[in-house]
Amino acid sequence: MKGYTGKILFVDLSTGRITDESIPDEVYENFLSGVGLGCYVLHKRIPEGANPLGPDNVLGFVSGLLTGTGSVMTGRWMAVAKSPLTGGWGDANCGGTFSPAIKRCGYDGIFFQGISNKPVYLYVDSHKAELRDATHVWGQDAVEAENTLEEECASAGKRPKIAVIGTSGEKQSLISGICNDRGRIAARSGLGAVMGSKRLKAVVLAGNHRTKCENPELMKAISKEFTSKVKKMNIPRFLSGRLLEPAGKLLSKMKSVAVPDGIMAAGILKKWGTGFNNVMGIVNGDTPIRNWNGSVLNFSKSRYRNLGPDLLEKREVKKYSCYSCVVGCGSVCRIDDITDGNFRETHRPEYETVSAFGSLLLNGDLDSILYINELLNRAGMDSISAGHAVAFAIECFENGILTNNDTDGLELAWGDAEAIIKLVKQMINREGIGNLLADGVRVASRKIGKGSEKYALHVGGQEPGLHDSRFDPMMGVHYCADPTPGKHTIGCFQYYNYVQLWNEVSWAPKVSMYPKDKEYLASRENATKSVAISCYKQVIDGVGGCLFAMTMGVHNWNPFRMLNAATNWNKTADEYLEIGMRIQTLRQLFNVREGIDPKGNKAHPRMSGNPPLSDGPLKGKTVPIQDMVAMYWEHMGWDSETGIPTEETVAKLGLADFS
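Straight run, no breaks: the sequence shown in our numbering ends on number 659.
It is worth saying that the hints were derived from the structure and are not from the lab.
In silico lysine-lysine, DSSO-like type, Cα no more than 30 Å apart, as pairs:
no. : residue 1 : residue 2
1   : K212      : K158
2   : K44       : K599
3   : K270      : K253
4   : K231      : K220
5   : K621      : K454
6   : K425      : K314
7   : K450      : K422
8   : K602      : K652
9   : K231      : K314
10  : K224      : K212
11  : K220      : K2
12  : K422      : K447
13  : K447      : K171
14  : K425      : K454
15  : K232      : K318
These numbers come from a predicted model, not from an experiment.
All chains should be modelled from the sequences, with the hints used to inform the complete structure.
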């Protein structure tokens, strides 16, 4: 086959039946693999109105079409299911080493329906697939269970690759995810709860099949060209991350937006990972502060500087990369000064985690954030949602909606690291007030009432990423318009500018330098940019591509060329973006079928600057998010008033059988 295996594995946990199913070539040409294949299968397999935590929901693990073909930066896998958090389409993206393991077992995806009558895990190698008893690892955290199963299933010195839930998934927390590589999480959409509801503890893969590439020499040349560019991008060792703070301040004062070459980010990511933005984002307005209701003036230098990338760099034990990555933005860090845990290392926390438990809570204690990061990684709980849940609880406590009686005497206050840790543990264990918060802020606010929704930051049930839509308005569009709301990885003006799609896509607006104020307009040009980047991201998620590679620019990392090398399809960039539009529209059709009103996925007023902040770099900023969303819908070929794909668009994209 051409970059794909042409097969999926389907497991009925209720009956124990396991079957191979062939997928026609035209499905890959229309939907790619990854999220597109997941969308195709789930649409056909999940009955309308299925309970997300019931037997009819289908949970899928899908690899990318380019994974294993010799392409670089294509090692991402995705989990897909109906989300118990939003009630609509759910997907979660993760790196590491699990994606190629799916294809080495001879499949492009592995799907589960039904509910087992006891805890089980699926074992697959090149010769067999079987369900095995997981009672002995049920109750273990994600790292413990992975270690146990790795030893148990190792063969001839080869260690399998494992996706596993922690205790949060077992307890069906609606903000739980699925882990691999000892605590790296496919965190969003609450899909760990789906896995827990099925009593599926893990998926263990130990195959050795190879993936065919139609033109391996061309693929090698394309990959080598990108790798060569990345190798040249290095930040000198002596250069301090402290320089990022004044750079952020300068950025906040600029009245115009330039279009840099995204490849420059390679050196920054190699040195600091996503943590380069830990302080930079605070001072330029990108990072939400104090539950989206504060500014850098609420978070003193003496506290936010404790979160700087240099301090994390000093904690590094080792660096690592995902499969097929030539950048290597990951590392393992020491945890110091925390004495009540049995672990002393953690994956370096991503920017999102540092912000969720730093600026969002006015917490400048780096040790507490490292410790919380490991607690959440082992439990398998989404740090973005968990941080928002803690912020919600603190603000409710501050305003008398929650009291000592509700928290069993735990005093909640901004920046109190000890109290934050205790609350996180309660959420993981579903104890006390933590039991309420473990299902996210929408569920908690509905149960608490008393006007608490004022402090519940979510879009359609999912908490937003830690990038402020008042800083980058297009981010706000995708928080609301994407069928999986609240995600920060779909599109924004920065992504669009870095990618430079106009170099390949005929209808993508070309950008040079422009006034920053232009980003705050509900214009046709901005809507077209939003459509282009969201369709492109569906292509990226269909091939297993890395977001960071994507933002290095299509002129540097070109998935269209790689797709043609892998498949020999010889499609144009415009044709591939139409595939992205087809995937995006099918995700929206799934939501509509499940009764999700697109108009209901509105940004919390704070996210659009209503009322605007009175100080800081975002002072006075307001964003017409709903007007921008309506224009996005129109340019996507969806009804501008309802967000429902039009009959003409459905017919044009060949989706009549799905509507």
